[in-house]
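Residue numbers (my numbering), protein chains in the order written: chain A, -12 to 105; chain B, -12 to 105; chain C, -12 to 105; chain D, 994 to 1403; chain E, 994 to 1403; chain F, 994 to 1403.
One thing to keep in mind: the hints can contain errors.
Said to hold, decoys possible - Pairs of lysine-lysine residues, derived as DSBU-like cross-links and limited to a Cα-Cα distance of at most 30 Å, are as follows:
| no. | chain 1 | residue 1 | chain 2 | residue 2 |
| --- | --- | --- | --- | --- |
| 1 | C | K(-3) | F | K1257 |
| 2 | F | K1181 | C | K61 |
| 3 | E | K1376 | A | K4 |
| 4 | A | K(-3) | E | K1257 |
| 5 | A | K58 | E | K1119 |
| 6 | A | K(-3) | E | K1119 |
| 7 | B | K61 | A | K(-3) |
| 8 | F | K1185 | C | K61 |
| 9 | D | K1376 | D | K1184 |
| 10 | D | K1185 | B | K61 |
| 11 | D | K1181 | D | K1339 |
| 12 | C | K25 | F | K1310 |
| 13 | A | K61 | A | K25 |
| 14 | E | K1187 | E | K1339 |
| 15 | E | K1310 | A | K(-3) |
| 16 | F | K1184 | F | K1257 |
| 17 | B | K(-3) | C | K54 |
| 18 | A | K25 | C | K54 |
| 19 | B | K25 | A | K61 |
| 20 | E | K1119 | A | K4 |
| 21 | E | K1339 | E | K1184 |
| 22 | F | K1339 | C | K4 |
| 23 | A | K(-3) | B | K58 |
| 24 | C | K(-3) | D | K1257 |
| 25 | A | K25 | F | K1187 |
| 26 | E | K1257 | D | K1376 |
| 27 | E | K1376 | D | K1377 |
| 28 | F | K1187 | C | K4 |
| 29 | F | K1379 | F | K1310 |
| 30 | F | K1185 | C | K(-3) |
| 31 | D | K1185 | B | K58 |
| 32 | E | K1310 | A | K54 |
| 33 | D | K1119 | E | K1376 |
| 34 | E | K1257 | E | K1339 |
| 35 | D | K1185 | B | K(-3) |
| 36 | F | K1310 | C | K(-3) |
| 37 | F | K1310 | F | K1119 |
| 38 | C | K25 | A | K(-3) |
| 39 | D | K1187 | D | K1310 |
| 40 | C | K25 | C | K(-3) |
Keep in mind that the hints were calculated from the coordinates and are not lab data.
Note that the coordinates shown come from a computational prediction; the quantities given were computed from them, not determined experimentally.
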Amino acid sequence: MKKIEAIIRKTKFDEVKEALDSIDIEWFSYYEVRGVGKARQERIYRGVMYDTSYIERTLISLIVRDKNTEKTVKAIQQAAYTGEIGDGRIFIISVEDAIRIRTNERGDIALYNAENEK
Amino acid sequence: MKKIEAIIRKTKFDEVKEALDSIDIEWFSYYEVRGVGKARQERIYRGVMYDTSYIERTLISLIVRDKNTEKTVKAIQQAAYTGEIGDGRIFIISVEDAIRIRTNERGDIALYNAENEK
Amino acid sequence: MKKIEAIIRKTKFDEVKEALDSIDIEWFSYYEVRGVGKARQERIYRGVMYDTSYIERTLISLIVRDKNTEKTVKAIQQAAYTGEIGDGRIFIISVEDAIRIRTNERGDIALYNAENEK
Amino acid sequence: MEETITGLQIGLDNMWLLIAGFLVMFMQPGFALVEAGFTRSKNTSNILMKNFMDFAIGSILYWVIGFTLMYGDTVGGFIGIPDLFFMSDGVGENYADYSDLFFQTVFCATAATIVSGAMAERTEFKAYLIFTIVISVFIYPISGHWTWGGGWLSELGFHDFAGSSIVHSVGAWVGLAGAAMIGPRIGKYNKKGKPNAIPGHNLLLGALGVFILWFGWFGFNPGSQLAASGVENAVAIGHIAVTTNLAAAAGAIAAMCVSWCRFKRPELSLTLNGALAGLVAITAGANVVDPVGAVLIGAMAGIILPFAVEFFDRILKVDDPVGAISVHGVSGAFGTLMVGLFSTEKGLFYGGGWHQLGVQAIGVLVFFVWAFGTGLLLFYILKKAKILRVSRRVEEEGLDIYEHGETAYN
Amino acid sequence: MEETITGLQIGLDNMWLLIAGFLVMFMQPGFALVEAGFTRSKNTSNILMKNFMDFAIGSILYWVIGFTLMYGDTVGGFIGIPDLFFMSDGVGENYADYSDLFFQTVFCATAATIVSGAMAERTEFKAYLIFTIVISVFIYPISGHWTWGGGWLSELGFHDFAGSSIVHSVGAWVGLAGAAMIGPRIGKYNKKGKPNAIPGHNLLLGALGVFILWFGWFGFNPGSQLAASGVENAVAIGHIAVTTNLAAAAGAIAAMCVSWCRFKRPELSLTLNGALAGLVAITAGANVVDPVGAVLIGAMAGIILPFAVEFFDRILKVDDPVGAISVHGVSGAFGTLMVGLFSTEKGLFYGGGWHQLGVQAIGVLVFFVWAFGTGLLLFYILKKAKILRVSRRVEEEGLDIYEHGETAYN
Amino acid sequence: MEETITGLQIGLDNMWLLIAGFLVMFMQPGFALVEAGFTRSKNTSNILMKNFMDFAIGSILYWVIGFTLMYGDTVGGFIGIPDLFFMSDGVGENYADYSDLFFQTVFCATAATIVSGAMAERTEFKAYLIFTIVISVFIYPISGHWTWGGGWLSELGFHDFAGSSIVHSVGAWVGLAGAAMIGPRIGKYNKKGKPNAIPGHNLLLGALGVFILWFGWFGFNPGSQLAASGVENAVAIGHIAVTTNLAAAAGAIAAMCVSWCRFKRPELSLTLNGALAGLVAITAGANVVDPVGAVLIGAMAGIILPFAVEFFDRILKVDDPVGAISVHGVSGAFGTLMVGLFSTEKGLFYGGGWHQLGVQAIGVLVFFVWAFGTGLLLFYILKKAKILRVSRRVEEEGLDIYEHGETAYN
Ligand SMILES: Nc1ncnc2c1ncn2[C@@H]1O[C@H](COP(=O)(O)OP(=O)(O)O)[C@@H](O)[C@H]1O
Ligand SMILES: Nc1ncnc2c1ncn2[C@@H]1O[C@H](COP(=O)(O)OP(=O)(O)O)[C@@H](O)[C@H]1O
Ligand SMILES: Nc1ncnc2c1ncn2[C@@H]1O[C@H](COP(=O)(O)OP(=O)(O)O)[C@@H](O)[C@H]1O
């Protein structure tokens, strides 16, 4: 099992979601993070100009079976792509085990319906 | 050391917290995530009905020593259980090292008081 | 590649950011988490005193190349340090792969400009 | 010319009544903000909906029947003869009949809205609609008739100038019956029966609401003079504005001091409630107490408030999310009694003897028995009909999603 | 003494007009809150800025030229002779000229602000400034002259007491032209053309806004009587306050019932819109319909509203984020027509025959053609000049950051 | 009959004064929202608490002593003879004594509340209570006596109609002393002394606050005419309403243009401050300048504002989180001076010569010296007593938790 952590543009979220849907990845979690980096936004406040040091981004966290890792990464990468600076990154981390709370199933099987297949 | 990531119902948080407390796991972090999946909620807005594509959930993130992994998982699984669709999942990820900022201790010892024992 | 997860005091964020900047770590993500633990804050509400069971903290998530791990940890530890209870913890998790969405580069190279060096 | 002058006097008084009525109407968002601010964000749509509907339904029903039930020709001092769908382009001595209807309507809506605060976060929306109807056409107009309608209590000499008891206590005692009947919110009491704090989600909005109420109260109290022309009325409404303001200020300061002494910190939520307690308490006697009396009444109301809140919370274990019972019920009753002590005309402290105090006590009791009694009956029926309380799941996940399909914050 | 009495009468009427004007001015934050609450948080600064600027610019320009264009001596019933930078310490029969200017100014600002709601979340700030100017100095004053300025429509006997058509519809039809021309927000319609819900970010603030508007409407309608002295005026403004309140209440209840029937849940956002629909609808006839008529007009407006919203959303596919077109346009036109039926003097239902209804229909049509026509032209030019709509990126990431450099929430 | 007519006139003027007073009272939530919105969420409870307490304490103390100190029989033009616990059911020529007390009370509270804005986010709550007391019973009533109390400045012919200097500047100069003495917030200046932006947490609420203030200002300025009956007063208050509104509008537009030129973007926070600057500036001369003068004064105030903000921020390095010093102090002084130029009676531009300008300049100076001087002394003592500023930790983690034990948002 792999955990895929994708930090993407907020505005690309809907497209990524659709892309995941179309490869039968229907389960994932996401939350807002702030990305610090070179991409900045100029702001003003009561006459003081400043750069935000951060940009709001969406982090998608998703655990998939090993065999689905590549296609998931590819789907996200393509959907989140704009070509401009600030498209974000995807990280892959190894997961040891998964438990589905409702059934107490463990291992790959806990992800099955998460990927909607046998 | 293992990182346990449990995605649970928001309404089950208090019970899970108590369960962890009762097995002497007194340190953890949590935050709100949005879970995309099959469980949906019907909403209306100014006459347009729609399904929320997400449900708000709580993600508990918790690093424990290896020997405590199983009992922690069990405690969470039992406390977060309702039997209805949408109970959530628990993931286990291996952690290489831990540092306690205040003492600069590293390794298992950095988690000791986190698990309140010798 | 390692993922460094540092849970620090909210008020120390600016200093940690500067410290990371000074060792050329210019890319990271962060978000607010709530830390449950021994450190509590006393509150009152309409005449009922209570302890918050949580304290708001900032979680910094940062993926670095292996060789930069130690210096990053050190920088965070020093900048986030106050010596009082509640300074937080740093966790290190192994990362298998990284993809930069804009270029589709993989591996260490996807982190390069993230660490601003050749 | 005589006529022109009468026209001017009526014009003036009528305008005063209407403007005061507008201010009282504006208390509705004040109540809505206080309630929404002092509860959790998952129930905000529900609370707004309730506040909207009690004003809307109250406005219609009070016009349909409530108004004449309260102010119609009396039947033995107990009830007015109702006259459906009030319509009259007539004019009284001081103001148009429609202005009167409008002014009384917004008072009725105030009583109804108080109830909802005490029962927030767990009541079914349907039940809420039903009890709003009952209050608007039955509970409030009838006891209102006993006093303002010229009924038996007013015959006794009972003095409740702008409605400490008639409006505020009535609402609160119905709310007490409701909150007791429906039981506490899930999680309010731990296994040992100790109350937990369930902090409101937005005290800023709560504070804005209290400021709006304070502002609106200048319609509520000075407006209840029902006239502004002539030296006497001019002095009276100035007097009432001052006593109202001083009592509110004293209530806020006193409640702050209590919280500072007891909890070592000046607490915002109690201070806000303290200002309201002062306002409610002065309402009965605003025109007959002097500024010193007003400050004392306000301050005492502010001191009593935290203890009242605790009493209901810890001893009676009645869960009142916004403190409506203490603020409107206890303070209302207290303020009504204080008229017996501080009235510069008939109060005990001003040499007026015990009589007025006795009458006030009777009034307080009567309103409690009436409102709490009818309230209990009403909520008992709703409970038996199983439409009083939402299911566990709805309560836990929030009324907004299940009852209204709409969350307030997106 | 004669003189003193005249002084009193003018003092009274003048004061009424000013206070009513203050209340109408206070509708501005009401509009701002409704708009901001019903849209997404990334555009909040932009919406506030727009609302601020339309009031500021409108205030200046209406003084510079709009006022005299609307109320100056008529040129054939079509336009007033303008007189730049209005200045007059004179006094009319009831009030000072400056009070008149002030009262009319706040009405003009209302019309301008309605447009912005319909075009929210995608319009360039510059374009917004331009059309605010055009509305304040051209569209609103001219059609206003036809009626309130004593022009040809008023000659016909067209009755629009406080501006259901003159103010609200005009704003809404210009908004309709704008919303149609600018196109829907990105993501509003899916590939199959089905509308998606884009929920507002803070319904609590939306509800507060509606309450404020409801409150301000007591300046808008009763104030439009333009006098408060004398029995007749006293009765009139009391009457108007009652009809206004009842129609709003009925609108809210009706819209809630519709949403309950159709979606199985009483919906907050529709209920809020329903109250506004009732208010807009009663505005034309508040002084000539009786309470029963008011309740019926309000209720029908509340029933029509959800269907109007759907009609624009699904059939015409005009994306109106806050429902301004339905609330102000459809309800305004509907309310104007209803005068022909429910006017107790000349309405069809009260034996007045078909004449008034015909005149009202003409008026409704005239305002539609005028406002929608000039609006189309205006927005067509802005579109060709490529300053109507922000770029895709700005719209996606929010107007606050790119247009104003400032987010509302930090 | 003579008497009835007097009664009507008093009734009318008295009512006007009270309603104006209510509107001024309603400025309190306006101030609270502006302050809370322009600061960080961790200090929101503290700010609300401060605003509540300054109104409550001010209300009580101004009644106890401040009122008579300001308006009592003069001692050499410098101070009124105080008369504790003001109580009088008398009536003056136009209004009841209590109405007068009420109206003056809400003005006093305005002065006190301005100070808190300049010192927000780092002042101990105790210190805040102390300086509220000192301002309400000492600083404001004494300098107020010099002008409105009939003291020496008014003898000189100093014109400050509704308090640009007397109320606003006084509050702001005390605030300047306080902000200078307490030092900037942690993180406001970087190591090189360059100011950082610390954006307010909720500009929507800030904007709502500004709208409320704008609304309340129609009580502040027109109400200061202190009468509404008779043609003369009717014209005057209409005039004042118009000049007030135009100046505010011009201030908002001017500030927007400045920010657009300098930062390439029309900025909300500056625009909001610009409207307030226009309002403060017109307050001194609202009754003696004509609409053109009002627009010019407002516009200039709006232009000066951003530079004033920068001056304090960058040059003097005084950290004023909400811009209170610029908005109330600089604009107030500026507006007071402008009376010398734009007064249609005595202004330089209208052929009145230099005299009035000179007197205005003296007044501006006197108020600066008095308020800044006493302010410095006051805050010096508080600083030495070590109760002025909270500890580093409290400031960093937020005053809400440590000072009040209660966060605003949960
Ligand atoms: N090493 C990293 N650790 C954590 N987050 C990162 C890292 N590198 C990038 N990010 C996240 O990704 C976002 C930026 O992607 P970015 O580097 O701007 O894209 P691009 O590759 O197009 O330059 C940042 O805002 C940050 O949130
Ligand atoms: N593979 C996954 N990766 C990330 N989050 C997941 C994954 N599977 C489930 N979740 C999270 O868990 C929640 C759903 O659990 P769910 O599958 O509904 O429980 P059940 O097993 O009872 O069907 C989702 O809302 C999502 O937040
Ligand atoms: N084992 C853990 N798993 C997850 N989060 C933890 C863990 N231990 C500590 N934390 C986080 O770190 C914060 C506390 O650090 P803390 O233990 O108080 O510092 P100290 O070492 O100075 O006592 C907690 O609030 C929690 O958010």
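For the pair supplied as a hint, E/K1257 and E/K1339, confirm whether the alpha-carbon distance does not exceed 30 Å. With a Cα-Cα distance of about 40 Å, the restraint between E/K1257 and E/K1339 is violated, given a limit of 30 Å.
Quickly compare the C-alpha distance for C/K25 and F/K1310 to 30 Å and report which way the hint goes. It is violated: about 41 Å lies between the C-alpha atoms, which goes past 30 Å.
Is the straight-line distance between the alpha-carbon of C/K25 and that of C/K(-3) 30 Å or less? 17 Å, holds
Under the criterion that the straight-line Cα-Cα distance not exceed 30 Å, is the pair B/K25, A/K61 satisfied? 23 Å, holds
Quickly compare the C-alpha distance for D/K1185 and B/K61 to 30 Å and report which way the hint goes. 27 Å, holds
Starting from D/K1185, check that the Cα of B/K58 is at most 30 Å away, please. 28 Å, holds
Is E/K1376 close enough to A/K4, meaning Cα to Cα at most 30 Å? 33 Å, violated
D/K1119 paired with E/K1376 [C-alpha distance capped at 30 Å]: Violated, at roughly 49 Å.
Take a quick look at whether D/K1187 and D/K1310 sit within 30 Å of each other, Cα to Cα. With a Cα-Cα distance of about 9 Å, the restraint between D/K1187 and D/K1310 holds, given a limit of 30 Å.
Distance restraint between C/K25 and A/K(-3), which requires alpha-carbon spacing of 30 Å or less: Since the Cα atoms of C/K25 and A/K(-3) sit roughly 35 Å apart, the hinted pair is violated (cutoff 30 Å).
Straight-line alpha-carbon gap E/K1187 to E/K1339, limit 30 Å: 44 Å, violated
Take a quick look at whether A/K(-3) and B/K58 sit within 30 Å of each other, Cα to Cα. At roughly 38 Å apart (the allowed maximum being 30 Å), B/K58 and A/K(-3) break the hint.
Comparing the model with each earlier hint shows violations of hints 1, 3, 4, 5, 7, 11, 12, 14, 17, 20, 21, 22, 23, 27, 32, 33, 34 and 38; every other hint is respected.
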